Each structure stands twice: as structure tokens, then as C-alpha cells.
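Asks: Chains as they are written, first to last, in my numbering: chain E, 1 to 161; chain V, 1 to 161; chain R, 1 to 161; chain X, 1 to 161; chain G, 1 to 161; chain D, 1 to 161.
These aren't lab readings, by the way, just hints derived from the structure by calculation.
Computed from a predicted structure; not experimentally measured.
Each hint should be verified, as a subset may be incorrect.
Stated by the list, open to error - Here are the simulated BS3-like cross-link-like pairs (lysine-lysine), alpha carbons at most 25 Å apart as the crow flies: (1) D:K21 / E:K110; (2) R:K150 / G:K150; (3) G:K150 / G:K35.
Number of protein chains: 6
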Amino acid sequence: MAKLTHFNEQGRAQMVDISRKEESVRVAIALSSIKVNKEIYEEIKNGTNKKGDVLSVAQVAGIMAAKQTSNIIPMCHPISLTGVNISFDYNVDNEADQYEITIQAEVKTKGSTGVEMEALTAVSATALTIYDMCKAVDKNMIIGPTMLMKKTGGKSGDFLR
Amino acid sequence: MAKLTHFNEQGRAQMVDISRKEESVRVAIALSSIKVNKEIYEEIKNGTNKKGDVLSVAQVAGIMAAKQTSNIIPMCHPISLTGVNISFDYNVDNEADQYEITIQAEVKTKGSTGVEMEALTAVSATALTIYDMCKAVDKNMIIGPTMLMKKTGGKSGDFLR
Amino acid sequence: MAKLTHFNEQGRAQMVDISRKEESVRVAIALSSIKVNKEIYEEIKNGTNKKGDVLSVAQVAGIMAAKQTSNIIPMCHPISLTGVNISFDYNVDNEADQYEITIQAEVKTKGSTGVEMEALTAVSATALTIYDMCKAVDKNMIIGPTMLMKKTGGKSGDFLR
Amino acid sequence: MAKLTHFNEQGRAQMVDISRKEESVRVAIALSSIKVNKEIYEEIKNGTNKKGDVLSVAQVAGIMAAKQTSNIIPMCHPISLTGVNISFDYNVDNEADQYEITIQAEVKTKGSTGVEMEALTAVSATALTIYDMCKAVDKNMIIGPTMLMKKTGGKSGDFLR
Amino acid sequence: MAKLTHFNEQGRAQMVDISRKEESVRVAIALSSIKVNKEIYEEIKNGTNKKGDVLSVAQVAGIMAAKQTSNIIPMCHPISLTGVNISFDYNVDNEADQYEITIQAEVKTKGSTGVEMEALTAVSATALTIYDMCKAVDKNMIIGPTMLMKKTGGKSGDFLR
Amino acid sequence: MAKLTHFNEQGRAQMVDISRKEESVRVAIALSSIKVNKEIYEEIKNGTNKKGDVLSVAQVAGIMAAKQTSNIIPMCHPISLTGVNISFDYNVDNEADQYEITIQAEVKTKGSTGVEMEALTAVSATALTIYDMCKAVDKNMIIGPTMLMKKTGGKSGDFLR
């Protein structure tokens, strides 16, 4: 059975040693979403043509959170990210009265460990910021599912959902 | 139509003025979850009887993230949290081979604004940390849905999902 | 002669004791600016009608920096800000080929000490972010002068430039 | 037997609820020290008459660390410190060739919980910074013992070592 | 016309991809200043012969802010700085009763992107700290102009004002 | 006489230039301890068989603090840590009624400067967290002595206490 790698000989959590791993370009793409009501959906959609729209604030939050990942996730290695790109899409079913904003983050580094956590943290912070800026209208919004879509680079092999 | 409150007269994002709001005890409860495979589920479940288990690291991450909320969510007011409590539960369907760990965070403050974002940030960071510590075994884990369950205190009224 | 207040009996820097100061609503307004060339000026001006414009990123940076002030300025007291509002204006002299974006930040708190440093930090971070996002076009941009415009609340009296 | 208060009903760590505790002025004084060799002792002692001396950098580190306490100590409540004062003394035994710099931090707040951890964190960061700035000369320096000397304010009563 | 590089295909802000850029030693020098009145000028000038002087605190602030640049400027890449050096000079015109402290920061890295923003952030934080420590005497101090003086290393060529 | 390296030509503190130093794998091991009373000793010792024990929270604190070292110690270079491992031991003298928990941190990097400060910061934060979680029972706990035990890698040679 595969072993959880984050524990030391005393059975306690550790930041695993990656000193001897090769540096390579690594990319990870994560996906999240937020389900909103029609009113919020329209405010956000219309806002994207205006300065200071909800998504542009959320996107800055996502990029900054990616850089903070190793301060948020205890066993995460600090990594010098070389690129973060967040994009949005809409998933609307007017008949079912369902409105969803999807959030994708692509994170890159040139280093000794992958950036899955940075991509997942970026989409999470982006979704949380959308929630924050729209919660005065409706608190029923639902964030996620949040998942890894793709990962390339590194010895453990690529991942594609 | 309700208006998004986070925009100023120039139409740009602002941290809204709460200087004149009354201080009161405010509580928010948020819920998230992470779907894992059977192997991870058993490692985590068994680990909870050992020192340094996955959930105890994830829980520390959640509590510390709650305190960092206003640095992660751009328009969030800095708040002096007076309590954070994270608890876990299991939701297992052996026949369907589905294993889910649910995460609940209860956050309290005595202040001029609510702590919904702190509770949502806490469960998100907790789930992300579980993902991080188990991703060497399987990267298909899915985080969320993440949502607000309850909110009390403050003039805007209580919320109960 | 007035004395610098940030030094203790050993002549060393201290965070001065404000435990006995009254809480009141306090407001500070600071001003900065950035001189840019015509090309950047037009990119920024046009960008304000698009999503993800330079000023909207800069503004988020300013608001988040206001919250980080006590971590950037060593002797600054940590304060729970109750509001931050950043606005922009243009100051153009076409004949002299001079283009300037002015940045104003209004910061509020309900506390025992003023928010001058938070307002000054907010406009500084906003200007630095504009520089960052436009430096690929021209590195000759000049930030400032940066100054306090107004301060109200607290026992030391109001300030108006 | 007294119970550790930082655990919830599931037996997991929590930030304990202080929402109902009274606000009062609270003070804590902590002490640490660093044993250095004669050469470092003289460099530091002489440096205190110059700009940019070791102790003045160490002191800034201590004050800033006090403000970061709740980000360093997981179950610590975030507190708005109202004053931090760090002072130094020398403890020299020429015959025994022993040189010690003692570090005292006095931290104040007006809040619902004490500032013992802030004072202990301040002296620790101060000592670590002295170590950092002198380690090129000698790495044998020893930090501590580090302890709480005094605590006043709050319902649990005063503490005096 | 040169294009602003910080925007993705959706027209939204991104942290640009530098994964394929070569590592090299890069240096940036920035300049700022603060205009003060005669009283503050003399306090600061005299203080530089004492422990815990204003400039030594300001300098620590500048160095620490340089390390925080990527957390303050949203689209800035996190960089492992290899050196930061801040120096001061005086610019006095007794007849015109004008007193100015100039601040220069030299920042170095060995990496894939330049350190202009780190140098500009360092001088800004240094100036803000001087303001903070002297504002009890006079709030009319003016910070800046702040500008890049020199940049070497990297493919985009050197810059010299 | 060896010279303190952290001062520039103006006699002020600087982050020394390491741009030209070779990258190599570097390891540092630091040691600290905390003296507790019998009651706390038994609570901690028994807790290590339970979820959410004191030491597992303290350990997470130590690992996260290691990553924050360059934000706590002003002249410390930011370093991408490649591994952090914290372990505990007990040192008990029942007759003398003395109970001590020893804390060891091993930190690794692949970089241009050593990780002594990261190891020392890790054990300090771990000890402070134990203090925090047990202080409701007894405030007489004593932290330290804290010291470097071993250092390998880099041109300045190895260190072994």
C-alpha cells in the first residue's frame, strides 16, 4: 500500500526532503467554481465590462494566494512561482435557474517539486473572494467542487483528469 | 435589485466602511468536504489514533488560515477572532466505494462585522491540507462543495441553510 | 523642542504605549501620484473601460497593503481598519507632454491611534503596482510626491494640508 | 487535575472561545538572554554607540515579531497590541570568561486575553536576530533560558516569577 | 506600440510566465527621499550617533519590505534576494530652510527576473518608516519623488537614469 | 579580529551579498527544550497517543516558522527550504522532580547560504507553542537553552557542537 510521505520516523508530520530532486519546469492546472443566483450572475457578468469588477478583484486574490501557498499549507515547500494565470468561464442553465462561474488556474515553476497545491489554492482564494464580494446579496452561494485537472513535469509522471 | 456593496463612487472596489456598526458577538459555521479513495480514507481514519495524523495538521492549517483571512480575501476587514473550532466527520458509502471526510469550522468574534469569510477560509485551508498530505497516494481527490451553514449576530439578521 | 516619541529610556526604538488612549473614529487621507509617458497614460486610461485594468489591480494592492501596514512599518500599532477607499484622477498637460495619475486613499478605523501610516502605505503600494505593471513599456516613471492630506479624530487634533 | 484548554470535544486542537471575556489592560514581561564569546560581546557593546548596531536591529525584530505572534503560534488569538518595549542588559563574569546579553520585553494590550506569548515571542526573535548577526564570528552562542517574568490584568490573576 | 505584458488572453491580469528565462545576477538601484523640517532634520542627524536612531529602524524596515515585495505587489514574482543595501544622504539648503534625507537601495538577486520592484519597495518602506517615527513632531513631511536609478542583468538590457 | 558582516560602508545593517556564492545542499540541526512540571509532562506524554496532541500542533508551528524565518530575522536571506524535520525526546529526573521535553529540528536547503537560522527559529517556535498550549496549567515553564548542534555544506566549513 502506498505510504503517506509527510511523516517522519517518530510518526510525526514533516516537510519531506526534496534536496536531491532535479529542477524542471512544472505546470499544474486546477479548477473550481461557484454557484450563484441569477441576480449575482448578472451583476458579475455585467461587471466584467466595468472597472473594478468582481472577477478582477477575485483574480488578484487568486494570484496572491498562489504565492502564499506555503504559508497556508503547513507541509508545502516554498517555491518561486514563475507564472500564474487565472481564467473564468460561465456555465448557465436558464431553465434550471442555475448559474455557475468556473475558475481555472494555471501555475508554473522551475523547481524541485510540483505546483498542484498552488493551483488549488489559487482557485480556492478566487472563489472565496467572489463569495465575499457578493455575500451581501445572497449567502447561499456554493463553492466547488475543486480539483486538479492536469499536472506536468517532475519524476512522478503527468496527471490528467 | 440589491447592490454589490464593495464598489465606490468611481465604480472601483473598496473595503466598505463599518466604523459606525455596533460591536456584537458574531458566529459563523461553514462546511466543506474532501472525497478520497478507500486507501486514503483508511490511512486517515487509522491515523487519527496516532500522533501527527493528517487531520491534526489540517486542523492547525484551518485555524491559522482563519486568522489570515483578511490577507487572503482583498476586501475583507481585519478582525480579532475570539475563537475557532474545527471538527471532522466521515461520510462513507462502502457499496458505492465513496469515502468523504466532512470539515466543519465554527468561528467567533466580538466585532463590527461577521466572520463568514473566516469560517469559509478555515474549511478551505483544512481541505487543501488534507489534499496536500495525501496527494502522493492519489491526486483524484475532490474538495467541496464548500458553503456557509449558519451565521448569527449583526444587524443583517441570522442565516441558516 | 518636541521629542521623537518612539524611543524608550535606553534610547532605543519602542512601540509607544497607547493602552490608555480613548477609542474614536479616525480618518486619514493621503495622496500620491505617478508620472508616466503618453503611451502608458493612454493604455491605462483606455484600460479603465476593460476588465482587469491596471488601476483595478493597483487598487486591490493598495487596500491589501493598508491592512499590512503594521507589518511593514516597524513601530506602527496593529489596527483593525474599518474602511479603505482608493480613488484615481488624471492630471494631464498635453503641451508639456506630461501625464500624471493621482492616487488618493481614505482610511478609517475605530481605535486608539490614527491611520495616517495606513493611508500613506496604501497610496505607495498603489503607485508601486502601477509602476510594476507598466515597467515593460518604460522604466522612467516617477512616483510621488506622497503626502498626508487630512487627518481627523484623536486627541492630537485634526490636520489639513 | 487542571485540563489543557486548547482541545475541543473531538480531542483536537482549537482556538479557545474568549468572546465573553472582559476587555482590560493587560501587561506581560518576558526575559531571555544570549551567551556570546568575548569578541562578540565587545563588538556588540561598542556597537551600541554607533548607528546600525546589532541590538537596534534585534530590537526592531523583536517588536515586529510580537505583532506576528498569532501567525507563529497556532492557537494564539490575534490581539491589537498597544505597546511593546524591549530593553537590554549585560551580565559579565570576566574571570569565568562568560558574557551574556539579557533581553527583556514588556508588551501591553487592551483586550480579552493576555500577552504572555507576545512577550515570549518578542524576546525569542530578538535573541535569534543577535545570533544571526554575530554567527559569522562564532556559532557557539546559546540562547535562553527564556521565561515569563510577570503578567498582570485578566481574571486568571497576576503572575510574578 | 509596446504592450502591457501583465494581461492574459481574457484581458485579465496575470503573473507573466518566466519559466524559460535564463538565471543571471541582476541588480537594481532605486532612490527616494523625504522632505522634513529643520527640527526633525536635526533630531535625525544627531540620532545617527546614538543607538536606536530613526534611520536604523527605517533601514531595517526597508530591507524587510524588499523581502515582502511579491506579497505587496500583486503581479510580482517571488524572488530569492541575494543582497539588500540601503544608504542615506542629506540634501540641505539652509537658506531656503529645506531639509531632505535621500534614501538609496541596491537590491541583488540571481534569478530569472529583475529586482526593480524590490528596490523601489525598499526605499518606499524606508521613507514611510521615517515619516512614522517623526510624525509626532510634524505631519507635513513629503515623501518622494521615488524612481529607478539603475538596473543591470537580464535580456531586456540595462537601464540608467 | 573577525568582523560582523552585516554592516555596510555607512556602518548600517545590510543583507550581505551572496550572489556569487555557489549553490550546494546545506543542512543545519538545532536543539531547544522546555522544562515543565509533572502535570504538564504527563498530559503531553499521554497526549502523544491521541489525535490533536500538544506536540503535533507545536511541530506544525515549528515547520511553518522555519518557512517564515526571513520575515522574522531582518538580515536573513529568503531561502527555498527543501526539508524540515522536527523530533522530540524526553529528559526526566523523577527524583529531582524535573521534566524536560527536548526539541530537535533538521532543516535542509539547496542554495547559496546556510539554514542555521531556520533550524533555530523552528525549535524556538515549537517550544513557544508548547508553552502556549500548556500555560493555563502552569506559567513557570522555561524554554531553552537553544543552540545550533550541527551545520554542513557551504564554504565556511562544517560546525559540530
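Asks: Determine for every hint whether it applies to the structure shown.
Replies: Structure-based check of each hint:
{"no.": "1", "hint": "D:K21 / E:K110", "verdict": "holds, 20 Å"}
{"no.": "2", "hint": "R:K150 / G:K150", "verdict": "violated, 35 Å"}
{"no.": "3", "hint": "G:K150 / G:K35", "verdict": "holds, 23 Å"}
Violated hint for the displayed structure: number 2, the only one.
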